[in-house]
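Starting from the known structure of chain A, arrange chains B and C on it as the hints suggest.
Protein chains in written order, with the numbering used here: chain A, 288 to 406; chain B, -15 to 343; chain C, 75 to 233.
Treat the hints as calculated values from the structure; they're not laboratory data.
Quantities reported herein were computed from a predicted structural model and do not represent experimental measurements.
Note that beta-carbon positions come from the ideal geometry of N, C-alpha and C, so glycine has one too.
Any given hint might turn out to be false.
To be verified - Computed list of lysine-lysine pairs in DSS-like fashion (alpha-carbon distance at most 30 Å, straight line):
1. K395(A) with K35(B)
2. K189(B) with K292(A)
3. K345(A) with K189(B)
4. K327(A) with K36(B)
5. K381(A) with K(-13)(B)
6. K297(B) with K327(A)
7. K161(B) with K345(A)
8. K161(B) with K71(B)
9. K269(B) with K71(B)
10. K(-13)(B) with K395(A)
11. K(-13)(B) with K292(A)
12. K161(B) with K327(A)
13. K239(B) with K292(A)
14. K137(B) with K292(A)
15. K291(A) with K317(B)
16. K395(A) with K121(C)
17. K381(A) with K31(B)
18. K340(A) with K239(B)
19. K71(B) with K292(A)
20. K291(A) with K(-13)(B)
21. K35(B) with K121(C)
22. K35(B) with K327(A)
23. K345(A) with K143(B)
24. K297(B) with K291(A)
25. K35(B) with K340(A)
26. K297(B) with K345(A)
27. K340(A) with K189(B)
28. K311(A) with K317(B)
29. K137(C) with K395(A)
30. K345(A) with K71(B)
31. K143(B) with K291(A)
What the hints assert, rightly or not - Okay, the calculated beta carbon distance ranges per label pair:
32. D198(C) with E125(B): 21 to 31 Å
33. P187(C) with L343(A): 37 to 47 Å
34. G104(B) with G138(C): 25 to 35 Å
35. E302(A) with K(-13)(B): 47 to 57 Å
36. E173(B) with P148(C): 22 to 32 Å
Said to hold, decoys possible - Far from chain C, some chain B residues (derived; all Cβ distances over 12 Å):
37. I(-10)
38. Y43
39. K137
40. G155
This is what each chain is made of:
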Amino acid sequence: MSDKKYMVQEFVAVESATLLEYMKDIKAEGYRLAQICAMKKEGDIELIYSFDKDHLMKNIRVIVPENQEIESISDIYWYAFIYENEMHDLFGVKFRHLALDYGGNFFKVSEPTPWNPKE
Amino acid sequence: MGKRTIIPFGPQHPVLPEPVHLDLVIEDERVVEAIPSIGYIHRGLEKLVEKKEYTEMVYVIERICGICSFGHGWGYCAAVEGAMDIKVPERAEYLRTIWHELGRMHSHLLWLGLLADGFGFESLFMHCWRIRETVLDIFEETTGGRVIFSVCKVGGLRKDVDAKTLEKMSGLLNGIKKELQELTDVFLEDRSVKNRLCGVGVLSKEEAEELGAVGPMARASGVAQDMRMAGHGKYLELGFEPVVETDGDCYARCKVRLREVFQSIDLINKAIDEIPEGDIAVPVKGNVDGEFITRMEQPRGEAIYYAKGQGTKFLERMRVRTPTNANIPAMVKTLQGCDLADVPMLVLTIDPCISCTER
Amino acid sequence: MSYVTKSPWIIHYDGSSCNGCDIEVLACLTPMYDVERFGIINTGNPKHADVFLVTGSVNEQNKGVVQQIYEQMPEPKVVVAIGICACSGGVFRDCYNVMGGIDTVIPVDCYVPGCAARPEAIIDAVVKGLGVLAEKRAAMEAKEDKAELAAETEGKQDE
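Here chain A stands alone, though its shape is the one from the complex (with noise of 0.2 Å):
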């Protein structure tokens, strides 16, 4: 089984105040952020950071309240910026402190998306 490095699944769950703690440790650590992937779940917002090593991957769930702000975690990884403004643009997730926010302007979608019904 040690050459099926895909079958290994792991998930974290972090609380959100000490989201950023944990992506400098894992930074210092070496892995690489592979994607940050966002869901809906009654009023929550579940959020998916994985990260790759030597091809195993790791992954941090991170749960807040529909309306709270985030950290962003484009000051760790600057490249996070690209999945952050897309989760802006189709979930509505609100950054807080984005490197490089696009204003809602990156994924244009002329019609508002049924995750984030409002705008």
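This is chains B and C only, laid out in the frame that chain A set:
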């Protein structure tokens, strides 16, 4: 300091087969900043999981992109199979590997053609696409489709390939290898081609790591990152090793992709020699309960598939992160400071697949 | 099929297709299918084009782009919808960001179903479109003749 001007690039642009929009802030002839905006081909197919059963979703996922169609189908099936704990038969694993590599060949040949067209070498474009047609013929003979195949299903495959066809495939591939060798010399040795590619859009190893580049973009900068090493299919058994170049410019990216086409031919030939007899699918019962995240090496780089189900016929959430999406930060960075005339080259060398990115 | 005196130029735009049909359109231009032998050339400029090939469905975002390209093309012009997505929305019909086929925004003359549409079918459709183009041109010329005639007779009356 010159006057700043904003030049819109796209959505309808001769060099781009697909619509993407870039606002290029330029000073004289130099690009200061590139601001991407996407959304012209957004369909919202991740939301479709709520309307289509998880077995039907394979067709939709294959149509995320018509170029890496097989890889997307496999990636989705692998995620669902992982969540349901299904073990796919050996023969199916081999055939999936073969088709995935054929898909990589056709994608890279397509890209090499577009690159040649991008720097104005039209006959080279035509030759690449002529060779590519042989790959499409193989696809048509084995799967029935030229670009979209629908042979992958949860639990295995829909179609088997007999030994005679496999043998014929091997012969055709060796023919491609010979023809491609001639083109390789033009791509790598021709002076005018080198003038357009060498030293353009350099991305160092540190930058590639810092910007989260994936696929050939990262490998051309010396990062040995290839998800075929993660254990999918039969790559490790076939002795797969990532192709790595160190220069990080457009020339290196071209070289990586050329070498990968040859590597794919070798991998397929090896797989044809080793393929065992047996079933191609296992019966699938029940529904997805739980979550699974997995990765595939598409022709353009690492693609991530996340599937989550709650025991019903429909998945709760399906997420695809495609390679172009991960390469946009690297593209935005390499565009800064380049000549306006090099913009099409640079945009092409990340091999953008916009319909993947926007889903 | 009718006789076309000029070589028709085509322009291609990808609405929201999956690339499958786009690469088949491009494959039509390459040595295997080679439509250039009929004098058909792919151009990037709508003002040079006679035939508009659209792949993929329309959404709120690209609606304007499709309309703009169509309006910039000189008369007479023909629109060919390639692939089932361009005809009706296809597999993505139920998606939230898909309005439907191309005919919801501009008039379409030929439909090519299929996912992805085969190059042979695309060539057939373009050839069929040329027939429509000839008809449109004939209608235009007849109209012009009529207008000229009317102007002439009016001129005579003035004398």
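Consistency of the hints with the structure:
1. K395(A) with K35(B): 24 Å, holds
2. K189(B) with K292(A): 24 Å, holds
3. K345(A) with K189(B): 23 Å, holds
4. K327(A) with K36(B): The given pair, whose Cα atoms are some 19 Å apart, holds under the 30 Å limit.
5. K381(A) with K(-13)(B): 35 Å, violated
6. K297(B) with K327(A): Given that 30 Å is the threshold and the Cα spacing comes to 19 Å, the pair holds.
7. K161(B) with K345(A): Given pair K161(B), K345(A) is violated - Cα atoms ~39 Å apart, limit 30 Å.
8. K161(B) with K71(B): 34 Å, violated
9. K269(B) with K71(B): Status holds; Cα separation ~13 Å.
10. K(-13)(B) with K395(A): 28 Å, holds
11. K(-13)(B) with K292(A): With Cα atoms ~53 Å apart, K(-13)(B) and K292(A) exceed 30 Å; violated.
12. K161(B) with K327(A): Not satisfied, since the Cα-Cα distance of roughly 49 Å exceeds 30 Å.
13. K239(B) with K292(A): 28 Å, holds
14. K137(B) with K292(A): Satisfied, since the Cα-Cα distance of roughly 22 Å is no more than 30 Å.
15. K291(A) with K317(B): Not satisfied, since the Cα-Cα distance of roughly 34 Å exceeds 30 Å.
16. K395(A) with K121(C): This hinted pair holds, its Cα atoms lying about 27 Å apart.
17. K381(A) with K31(B): 21 Å, holds
18. K340(A) with K239(B): This hinted pair holds, its Cα atoms lying about 26 Å apart.
19. K71(B) with K292(A): 15 Å, holds
20. K291(A) with K(-13)(B): Cα-Cα ~55 Å, so violated.
21. K35(B) with K121(C): 42 Å, violated
22. K35(B) with K327(A): Holds: K35(B) and K327(A) sit about 17 Å apart, inside 30 Å.
23. K345(A) with K143(B): 35 Å, violated
24. K297(B) with K291(A): At roughly 28 Å apart (the allowed maximum being 30 Å), K291(A) and K297(B) satisfy the hint.
25. K35(B) with K340(A): Violated: K35(B) and K340(A) sit about 35 Å apart, past 30 Å.
26. K297(B) with K345(A): 28 Å, holds
27. K340(A) with K189(B): Holds. K340(A) to K189(B) sits at ~16 Å (cutoff 30 Å).
28. K311(A) with K317(B): Holds - the C-alpha atoms of K317(B) and K311(A) are around 23 Å apart, at most 30 Å.
29. K137(C) with K395(A): OK: K137(C) and K395(A) at ~13 Å, within 30 Å.
30. K345(A) with K71(B): 23 Å, holds
31. K143(B) with K291(A): 25 Å, holds
32. D198(C) with E125(B): 21 to 31 Å: At roughly 23 Å between Cβ atoms, E125(B) and D198(C) fall inside 21 to 31 Å, so the hint holds.
33. P187(C) with L343(A): 37 to 47 Å: At roughly 45 Å between Cβ atoms, L343(A) and P187(C) fall inside 37 to 47 Å, so the hint holds.
34. G104(B) with G138(C): 25 to 35 Å: 31 Å, holds
35. E302(A) with K(-13)(B): 47 to 57 Å: At roughly 50 Å between Cβ atoms, K(-13)(B) and E302(A) fall inside 47 to 57 Å, so the hint holds.
36. E173(B) with P148(C): 22 to 32 Å: The hinted range 22 to 32 Å is violated for E173(B) and P148(C), with Cβ atoms some 44 Å apart.
37. I(-10): I(-10)(B) is indeed farther than 12 Å from all Cβ atoms of chain C, at 19 Å.
38. Y43: 6 Å, violated
39. K137: 16 Å, holds
40. G155: Holds: least Cβ distance 19 Å, greater than 12 Å.
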